Amino acid sequence: QKEVEQDPGPLSVPEGAIVSLNCTYSNSAFQYFMWYRQYSRKGPELLMYTYSSGNKEDGRFTAQVDKSSKYISLFIRDSQPSDSATYLCAMIYSSASKIIFGSGTRLSIRP
Amino acid sequence: KAGVTQTPRYLIKTRGQQVTLSCSPISGHRSVSWYQQTPGQGLQFLFEYFSETQRNKGNFPGRFSGRQFSNSRSEMNVSTLELGDSALYLCASSVGDRQNTGELFFGEGSRLTVL
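Residue numbers (the numbering used here), protein chains in the order written: chain A, 3 to 113; chain B, 31 to 145.
One should not assume that every hint holds.
Claimed, not checked - Output of the computed footprint for chain A on chain B, the stretches with three or more beta carbons under 8 Å from beta carbons of chain A:
hint	stretch
1	42 to 55
2	62 to 75
3	135 to 142
No lab work stands behind these hints, which were simulated from the structure alone.
Since we're looking at a predicted model, the values are computed, not measured.
Note that CB positions come from ideal geometry on N, CA and C, so glycine has one too.
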C-alpha cells in the first residue's frame, strides 16, 4: 500500500463548476500538507500549504485537512480552463524528513 | 528573482551510457532535491542535499548519485543507463533550514530518453 493515495483521473468538468480533489494517507505522523499544480511540460508549483487539521482559503482555492480520517482535499470554485493541470498532493512528517507526493490527478476544465 | 534552472532540458542517450544533469537553485536556497517523474510511478524522491551534504535519500539503486557544490548548485548522475530510466528529472530548491515545511520550488525538468 502506498503511503499517499490519489485518484489519477482524468477528471473533466465544465467551466464554472466546483472541483473537489482528494488524497488519503496511511501514516498519522504527517504534519504538513501541500497541493502542487503542474502544467504540461512544466515543473510543479506550490499552490496551497496547510499545517495540521483545518481549512485554508486562498482566492478560489480551499485546502482542507482531516487528520482523524487521514484525508485531505482541495476545492476549486468557479473553475476556469486555465485551471486545467495535474494536481499533486504532498505531505511531510517533520522538518528533517522527505516529502511524499501523491501520483497526481489530471484535471480538465471544459469551456 | 530567478527561478530554478535545470540543464539540459532534453537529452537522448543509449543504454549503458551515463548522464549528468545540472540544477541551479534560487539564490539563497541551500537545499536541493531531485525527483524522477514517470507516468506510471508519479513523482519519486531521489535525494536531497543541504549545505553540500546528502540529507535524505530515496529508494533508487546506486547508479543514481548526486552532489552539491559550495554555491548550492547541484548535479545528479545516472550511470549505466537502462530503458526504464527514461523520465522527467525534476530539481527543486528550498530555503532548507531546520523548518523544512515542504515548500519546494521546482525547475522545468530535464527530460531524458534512453534508447
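Query raised in the report: For this structure, which hints from the list above don't hold up?
Result: 1
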